[in-house]
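Engineer: Listed here are the chains, written in short residue letters.
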Amino acid sequence: MKEFRTHLLVCAGTGCVAAGSYEIKKALEKEILKRKLDDEVRVIATGCNGFCERGPIVVVQPDGIFYQRLKPKDIPQLVEEHLLKGRPVKNLMYVPPAGEKPVPKMMDIGFFSHQRLIVLKNRGRIDPENIDEYIAFEGYQALEKSLTEMNPDDIIKEVKDAGLRGRGGAGFPTGLKWELCRRTPGDGKYVVCNADEGDPGAFMDRSILEADPHAVLEGMIIGARAIGATKGFIYVRTEYPLALQRIRIAIEQAEKYGLLGKDILGTGFDFSIEVKRGAGAFVSGEETSLLAAIEGKIGIPKQRPPYPVQRGLWRKPTNINNVETWANVPHIILRGAKWYSEIGTEGSKGTKIFSLVGKINNTGLVEVPMGITMKDIIYEIGGGIPDSKQIKAVQTGGPSGGCIPKNMLDLPIDYESLKKAGSMMGSGGMIVMDEDTCMVDVAKYFMNFLRDESCGKCLSCREGTQRIWEILERITKGKGTQADIGLLQELAQATKDASMCGLGQTAANPVLSTLNYFMDEYEAHIKYKKCPAAVCKSIISSPCQHTCPIETEAPQYIAYIAHGEFEKAYDIILKDNPLLNVCARVCHHPCETKCRAGQGGKPIAIRELKRAAIEYSNRKRRSKAKEPTGAKVAIIGSGPSGLMAAHALAHKGYAPTIFEALPVAGGMLAVGIPEYRLPAKALEEDIKRVLNAGVEIKTEQKLGRDLTLKKLFKQGYKAVYIAIGAHKSIKLGIPNEETSGVIPAMRFLTDVSLGKKCSIGSRVGIIGGGNSAVDAARVANRLPGVTEVTIIYRRTRHEMPAYAEEIESALEEGIDIKFLTAPTEVILKDGRVTGVRCTKMQLGAVDKSGRRRPIPIKDSEFIVELGTLISAISEQPDLSFLGYEHDFEISGWNTFVVENESLATNVKGVFAGGDAIRGPSSVIEAMADGKRAAETIDQYLKNTPIELQYKVTRPSVYVEPVKLTVAETLEATRQEPRKTKPAARRKKFTEVDLGLSRSAAIKEAKRCLRCDLEVKEEDEKEQS
Amino acid sequence: MISFNLNGLEVQTEDGSTILEACRFYGIEIPTLCYNEGLKPYGGCRLCLVEIGTGENSKLVSSCTYPVEEGLNVRTNTRRVISARKMMIELLVSISPQSKTIQDLASKYHVTRVRFPVRNEDCVLCGLCVRMCKEQMQSGAIGFTERGYKKKIVTPFNIRSEQCRLCGGCIYICPACQMRCQGPDAPTDLCSGCLSLEPSCIEAHDDYQCWMGTTGDCGRCEGRPDQKTQDAKRSTQNAKK
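Heads up: the protein sequence lines correspond to chains A and B, in order. Counted the way my numbering counts, the first sequence spans residues 1 to 1024. Counted the way my numbering counts, the second sequence spans residues 1 to 241.
In silico DMTMM-like links for lysine to aspartate or glutamate, alpha-carbon gap of 20 Å or less:
hint, chain 1, residue 1, chain 2, residue 2
1, A, Lys419, B, Glu56
2, B, Lys134, B, Glu37
3, B, Lys150, B, Asp122
4, A, Lys420, B, Glu56
5, B, Lys59, A, Glu490
6, A, Lys529, A, Glu1018
7, A, Lys90, A, Asp74
8, B, Lys151, A, Glu470
9, A, Lys85, A, Asp74
10, A, Lys101, A, Asp387
11, A, Lys90, A, Asp63
12, B, Lys150, A, Glu470
13, B, Lys86, A, Glu490
14, B, Lys150, A, Glu473
Simulated from the structure, these hints should not be mistaken for lab results.
Taking the hints into account, I'd like the entire structure generated from these sequences.
Structural biologist: This is the structure in structure tokens:
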């Protein structure tokens, strides 16, 4: 045999072939010939490596270097650098999602290093179309052993002792099944391999057949010998052409080698295998249905008993197992039951192959030992969730499996625990879902699949799946009722109970498990007409409008801007929002996170467009001041929540008075958000607008100091809305922090914006990674005399909760951020802060919040020298005004507990909202609370039962879409706002973000996909 | 003879009989729709559900298809059986409320409301006609096509099969294509209308014999309203569907 110095293993699984691996192979062969390396280097097409997302893949052996996402044009470089000069090519290697450095070796990549390969050990290693390569890696040794050294009972005992259970999903002990089949009297028994893998998103059986078909054949021959069968069938879906081709080649080769057919290996044992193609019915994966299909009948399940092992194919005892089960058998026979049973858990032995798909960085096929936790699969192998989104659930077991919520990711994976969690192993599909997945929509999707794939024999399954789908469709259209939940539960249970086969009995699982774990989402759809993930089209109209807590009609004003009609755009914004200057600058734009243009591209710059609409409209009208009339309502706090509530109440005909503790109005907007982000002039304009609506404001009126709730009611205020915000910084909890050199961030920011003198020395450190930390850092950096600002944060930039754009600006301005660093002690000298002792951290396992938990590194302490330390880890409402005795219900986070919908506290006539109930949160959410509180206070004062009306989201006006030229469509990229240069920002509080130019705004607005139009068509269709 | 436990009683039955047969032998009532003594059990309507097994392994099975096994523990009236059965009847009514058989089942088993939008279909896919045609008439003129919610009964390639001898056995056995009981005219009247109901197929198709291909053979057209108005009515009905 000829020897080669290097082997290039080109992945030729279906995924890589689709990505173009055959072209890569051709290019490699051509290039190698051109460089005259064909005597030294050999190119081999192998089975699927499993890392399909990174295809086409080439592995260079014996070095083990892993190249991914190759293109034919990369090949000359690869051959020249690696094969001729011996320098692996870095830019073609895999880079982990959180890291920056490429990982050269295959076995160092997390995706591979955490797997345990038994069934898939030959994947990406041998040429599946060459039996010699299989034999070279211990192939057919187990067969030889079982035929020459073991009798059938020995084989069955070995498989039983190994604890192998059916990998098709139900997990019936394989050895026991074989024994039952063997004991059933009769001749002409059959063995069948079920390769009708119909689950959406599952492809492990296909991969085994493509990568290692001989392992399946070997398993079947051993099984046939144990059972006493002489004929076998492999039922493969027609949708798997490559698998069909490779298994046929394998059978042909095995027959040629005398491993199949008459007198196998001269032992007198006869066994032949025939391939049957399935015609694409999901239900044919059910065993009785599959047997009917092999017989040439319609694939419809039959009543069991009699079980196939008693009466199966053509009424003969038949043993049917799944591809993966068969592929496990040679390994058990060769290495023994003891070796095998050491892998896995008590009840579930060995490994299991999962196809990891969905919202996950490393999509692909993985083989892991049973008992591994779901978290390990998702974060260690799968590399976590892309785009720093939050994981929501994992769906296992194919369409009739269930969803497992994120708080149960510690679940060890085996047959029993998954079943207990309301899901099932199934064939091994694992779909990861993130926050942008709507669970009702997921249930609907699977029910749609199942109502199509039910064979239709049982009334319960045929009508059950159809009716469940109808109800879900109704709910996702916003037309569901509370009674639908009960009906769904009842119907799902009946479908589960009354159906005959596995399909019907599990068909209700998608609904039952989502009802069980995600009832809140069903309620959101039914009661609040909200789709939290902004998926259900008929409810959301457009994701941006739906996601906005005050439902600002973004698509409408964007469309007006695209037409150049800035006045109309301005009117649309003003309709829902009196604080438009504020929102146009500091809103954290949740709308952009759900923007459809952001899926696979960059979202529309919605906030910047809002600012453009204000800036380029001629209608900066000063509204006429109105005198307050009607019943008096007191509002405590003039932050966004208080202003919004006052504005809305004034419009409803009340006379709201805002009491503000500070000398300036605006609350956090005035003192928490620095001038360079929100200039005082812009804020003033908005506050003026609110006051003009008929609102009175009294500054320097602190609750507890200047007024009490009792007095307010006595003075004739009929209701009180508490919107005091969260202004108290939480303590660090480290030694020596009680000193004047350690300043809470909120006090620091307030003092600076009120113009008080702050002497903080030249070196300042900030502890924390949130927005107030970054704000404090940037403000400190602007103060005279400050030369060095350091942010100390215990995780990495990836996990930092501050807005990405703020972090970017901070870095631009020369602020040093020490990641993975935690303070342990403030160092004092003569009562003055001289530094802070820190310890280095490293990221450990993922915690419940889906972030990696920082763990201190031993003996890594070091000192950061500084004069002032600002603590900015989090804030809480300052509730000192309540005194020791009060009637309010207060949460563990020092926030007011309110009734979810009405925002009423447990004290009559007192409502609360904003950061006072949420803890540190966003401006726009505080505003939404204010708007809602105005609504409920109105109902409360009218003495009507507090009941909010919820409607599906719809725009108020129709705006004609703009016509785009081809050139405009092609060059559509996100327009970024102009910014003050970092050098010009030094020591100045001038605004940093300068907004879009008029033409850039129009250009950006034209990028909008106008999601609202789609629903308009739908609505019109329904009306007609 | 094999012995098994039926609602707490130790009873015996012949080898090879189904649970339904054994139950009926002992006088226990189990509702059925797709079951007919002269035909092979099908197990499609899921009305004859009984609960077997114990503890966590207990499950519902269709008694018409499940063979009695030695020592089997059968319960015919558990809460689980009753609620599943009622749901099945509710689903049946929602598909085909005009069927007298189904309405009778509903009133007998106390199904008092239908929470699904009614579809008014003539077929509940019980498969009686298909089995009648094949097993009793030794033909095979009709069969199932499609699957899931699209499943329906058709002639091969949607044309009249040469196998069909126009025996009418399919319509004879159909539980769904009957006219809805309109009730007696006055409270004191005897009705007996149910006894002389004619299949609603006559409404839906020209005449049931005609539907099978030969117009006028059955003589039912005589004395009926003008054919033209019939056609017009039908076409509007079809349009609605």
